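2 protein chains.
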Amino acid sequence: MANLREISVSAALNLLSAFAFLVAFAILRLQPINDRVYFPKWYRRGIRNSPRRSGVCVTRFVNLDWRTYIKFLNWMPAALRMPELELIDHAGLDSVVYIRIYLLGLKVIGPLAVLAFLVLVPVNWTGETLEGVKNLAYNDIDKLSISNVPDGSKSSEELLHLPEYCYTVKFSFCTKYLFRFSVMRFQFILFRFWVHIVMSYVFALWTFYVLYVEYKEVAAMRLRYLASENRRPDQFTVLVRNVPPDPDETVSEHIEHFFRVNHPDSYLTHQTGFGGVVGTKVDAIDYYSSEIQKLSEAEALEREKVLSDPKAIVLAAFVSFKSRWAAAVCAQTQFSHNPTIWLTEWAPEPRDVYWRNLAIPYFDLTIRRLLMAIALFFLIFFFMIPIAFVQSLANIEGIEKVFPFLTPLIETKSVRSFIQGFLPGIVLKIFLILLPTILMMMSKVEGFSSRSSLDRRSAGKYHLFLLVNVFLGSIITGTAFQQLKTFLHQPPTEIPKTVGESIPMKATFFITYIMVDGWAGIAAEILRLVPLVIFHLKNMFLVKTEQDREEAMDPGCLNFATYEPKIQLYFLLGLVYSAVTPVLLPFVIIFFAFSYVVFRHQVINVYDQRYESGGSFWPDVHRRLLIGLLISQLLLMGLLSTKNIEKSTIALLPLPVLTIWFHVYCKGRFQSAFVRFSLQDAMTKDTLERATEPNLNLRAYLKDAYVHPVFKGRSHFESPLLVPDEENNTLVLTRRSS
Amino acid sequence: MANLREISVSAALNLLSAFAFLVAFAILRLQPINDRVYFPKWYRRGIRNSPRRSGVCVTRFVNLDWRTYIKFLNWMPAALRMPELELIDHAGLDSVVYIRIYLLGLKVIGPLAVLAFLVLVPVNWTGETLEGVKNLAYNDIDKLSISNVPDGSKSSEELLHLPEYCYTVKFSFCTKYLFRFSVMRFQFILFRFWVHIVMSYVFALWTFYVLYVEYKEVAAMRLRYLASENRRPDQFTVLVRNVPPDPDETVSEHIEHFFRVNHPDSYLTHQTGFGGVVGTKVDAIDYYSSEIQKLSEAEALEREKVLSDPKAIVLAAFVSFKSRWAAAVCAQTQFSHNPTIWLTEWAPEPRDVYWRNLAIPYFDLTIRRLLMAIALFFLIFFFMIPIAFVQSLANIEGIEKVFPFLTPLIETKSVRSFIQGFLPGIVLKIFLILLPTILMMMSKVEGFSSRSSLDRRSAGKYHLFLLVNVFLGSIITGTAFQQLKTFLHQPPTEIPKTVGESIPMKATFFITYIMVDGWAGIAAEILRLVPLVIFHLKNMFLVKTEQDREEAMDPGCLNFATYEPKIQLYFLLGLVYSAVTPVLLPFVIIFFAFSYVVFRHQVINVYDQRYESGGSFWPDVHRRLLIGLLISQLLLMGLLSTKNIEKSTIALLPLPVLTIWFHVYCKGRFQSAFVRFSLQDAMTKDTLERATEPNLNLRAYLKDAYVHPVFKGRSHFESPLLVPDEENNTLVLTRRSS
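Residue numbers (this note's numbering), protein chains in the order written: chain G, -19 to 718; chain A, -19 to 718.
Bound-form chain G, shown alone (with noise of 0.2 Å):
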């Protein structure tokens, strides 16, 4: 274990490396010839352009003007100066929400740090168990956590010993007081104890409290954002899925004539989703159009036959309604008394459609669900086995049988050393990198029908990995399985003191991890050194038109299903370690605030969000904030029942049932607003809009509105040779006015 002084002097060496990527970073952007990676979304949207050809040649890829680079962190009040208002315009609602979370992370964190180190630090501090025992290995960080207060019943069997050793010194004035002083040094680790309860429950009210308003305000934003927002086709479309097929009538009849009976005044019209059956074959076609230009005519052979075919047409429907009322009661309300068939749902906005998944019976829908629910045990529970196979097959033996030729280099001393070494960890980083990719695998293979949905879903099945094999796992040695087993064997109540008890221990470990992990990480994060390279090689070799430099630029997007479970991990070490060792939390609160900056600049600057959600992630977020603070009580009660204070776990257990009431009372009082959409706001939105605009031709507007982006004239997916030049033209230019 390290002491204070190793801690800083890493904490120091990690700011360096963290402020090394920054000064970095700020002299790379400065470069015109990187604008294009540091500023996209500008270039996305219009407002900026490539670099003028007039001037200098040199100026065109490098900034000579020195005085900018005095400058270099004035990126940071530039992204924090944009106002929330202006930012949700800019970036909308999903961005603004999601830096939210870092902000909630100080205003959590922030004030249990305060409160921690003028309360709990001192007396932590003021314990003497670790000084007492000379023997243990225990450093400074140590002292100032709970790991220093000492063990109820040592005190108290001393206390109950003294009047024996009273009795045998006969009472001395000097023994008296010695009784008097024990008596009092008990009742002052007691009262240490019950500082730490009293703390724990202080810190667990003003968690709800914070998190309490955060949900109402981010409520409010998402009713603000919905009601502000201008006509968009999905406020009067209704996705229907499980349309039961029809023997005499079309797919297309069927569902006409479905709603024109059921929903007789306010039907509009519908479009059923192409991609069920044809869902491979159209993903071909675009790779191949991007790739090879003899294609671009077959292509166009089998869109035309896929638009004449019956048999692709999936039984799944973009409904439209007249008004915005209707499509809320049609989203919110059950059609057959058979809920399998007939399923409706709010429409997720076209971009943000999920079309493969459209058209999964329900029955296949729940098996699938089951398979992955089974597949994501297995995955937490038992990865490490086929990552040990692979590592296993590729050693040296194995590199040398499947590739002879390099085994004259392979032999070398040192490459055999550093294959050696690295191999196994390199096996399991890349594991780790395809994670993500895998969960997103796993989550379409459930059928979710939006993008959105499957964000929220990934990252849900990345936090319990995280949980299972990045906290516990570093706190317990072992695999996961071992874990498992080992926590099938022991007794619930055990599970909580084992893990509890070495909590203290594993401080420094954590602090260390969230300084290589998070904090290099965001500095790693804003450099964006992937993308710098790609565009720099793409430019080089591929680039021949503006629009190819246009296709080069990946402006990426806040990968939610990655970052947020990540965060989360973050916030449970903060609040596992608020009442047991404070000193972990200015570390955590460094990386929320830097990632905060980060973030909020990537968010004005870099990232092109695929699509717009409204901030429907929210009580995902906040229910596995509470996740993390159950856990940290959990913990903090195993813990404390391994000093042998009977009393304190019955006084910590109200405050798990408080955390799941709390729980229940927020999702009954905010989750709807993130779900469904009020007939009243509806019926507010349709009266203004028909007050304003009386002629609007609603069919015409929605005409296209829901329509698989292959089958789209100016979609991006569109192979460009295939394009009338006039439509090319009239492409740039809408993407160029600003």
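Simulated from the structure, these hints should not be mistaken for lab results. Since the model is a prediction, treat every value here as computed from it, not as a measurement. Be careful, since some hints might not be right.
You can't tell identical chains apart in this list, so a pair holds if it fits in one copy or across any two.
With a Cα cut of at most 30 Å, we get these calculated BS3-like pairs of lysine-lysine [as the list claims (entries may be wrong)]:
hint, residue 1, residue 2
1, Lys409, Lys393
2, Lys647, Lys424
3, Lys518, Lys409
Fit chain A to the known structure of chain G by using the hints.
Below, chain A without anything else, positioned relative to chain G:
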């Protein structure tokens, strides 16, 4: 432990006593004087009248026709004869669906018993464990149970040591033979366990099949019932709760306004609920009015006051619509973006409304449910503490203190020993009799707004209580709290082992339990001893008019909250013992068959349901049955793992996963039929009605549908003295018209 003969004797005795009950019932029911006790339903429906006054006086009270006594079991076929459709018409869907639970018991457990006796009993019987262990007390029943199958580890150990043995005797022909025999024996033992494992899969699949078919059938019955039902106020009406107060408008105006805006085309009218503020007063009125005549004027005044006082109006309303379609839409959609106000739900039928709970704010509701959940936990695990306290008070000394004049009597030796022996038992018995009432009070505090949901909720609580305190409590000795403590300090895998291991040993106990509690309970049910005595007492002392006699007659109703959890206990026993000790199954089957006939008779002749919910309790029945199945599977896994067959636990692992998946699937597939009314069905019914009755005045029809019983002119809460004579006559007339 009793052996097979003892069990047979006990069974014979119990059958005899049940038979005695039946004979008593057969005799009593034939006496005209008891007619109103055993056929109250027909009186209520006006089809049966009091015995004719003509004829000899004796025959008015006693049946002298000896021929009727011979056919004393005639009521059984008579009870079975009424076809189901007629029964629905006669007794309502709730009753019909309820007695189907017993039939379901036969369908599930019957084939299980046949299979178990064909396959498992021979396999168990030919095991030799218990014959080998001579010093252990075992009995014939254990020989038929899984206990008789030898332990896997011992046999395999034997097998491992055999080669050594063979080596020492130098491989004679004899040892070779012995070796081969032992291998065969070991394989046979393994085979026996595999038979149990395969059979438990067969049992689970059969249960799934029957449950699925039953759920489907009940859902279909409910849908047919709703479709064929006559026009009823609740079809057009939605219960709106948590109406936000408005500073400018009265509640009534506010509601009218709100719905005119948000449902402009379909809103018809509304009735606000009375009772929140004046709830207790109203009840007081009921009480006094039926007791003291002189208060009736004060009552009239009070009623006047309530009707004119705006503060007495609670923030809840019954809002009616012009069509069922609009009501269905309103019940299923969310109005405000704040999901805690303007809460809408499908209105319960007028009789089903629980008026007092209509106006509880959302926050109060969540707090109430939290408190009741905690209270339920303590009730289940700590109920013995207050009982022990009362028992400690209710001893001889306590009685002597409170009633000193009883001292001489109590000090008599025989009385003293009687009190000492019986008093503690009586205190416990009184608690158990009061328990359903306590649970119902708790459900009322939770704030459910209909009697049917109160019943369902109480049943859930009672089910938990029986599960912990009767099922687990009988298997593991010690109070529920001690069990809880043991379980908390045991690994989760140990719990099924501990419980599972003692399961076979408790078979005889549960067989006796089924006979005493089940068989005798049902026989007592049909005899209706308490209503019989009370009716005759009332008849003797209180009854003066014909209406008094009408009111003295207490038909009672199916007490779902108490009966259903008890059925679940028998299901649980059947499922748990099906793979362990199949001998128990016939006893369960007899219980189900006997109950089916008895309750069919009661439903036809006696019970008068207080409300009709259309079988909406079925999802609960289904879920609890699956919980029973799950428990049986976990216990079998625990039991087999103590038999040291390692693979058996793994082989059984898919079973609980399958069970949970089946639950999720059925829930998605069927549950909504019990919660929502589909738009398609509503539209069909509306269209039909519009065609057949184009001039229907719905407003007049709905005018007084949802009015608190006290404010209704013709309610039986009404003190008869207040009602003018002619109204009283029509009242009797409507009741009597066949």
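The hints, checked one at a time:
| no. | hint | result |
| --- | --- | --- |
| 1 | Lys409 - Lys393 | within (24 Å within a copy, 84 Å between copies) |
| 2 | Lys647 - Lys424 | both (26 Å within a copy, 23 Å between copies) |
| 3 | Lys518 - Lys409 | within (26 Å within a copy, 84 Å between copies) |
When each numbered hint is compared with the structure, no violation occurs for any of them.
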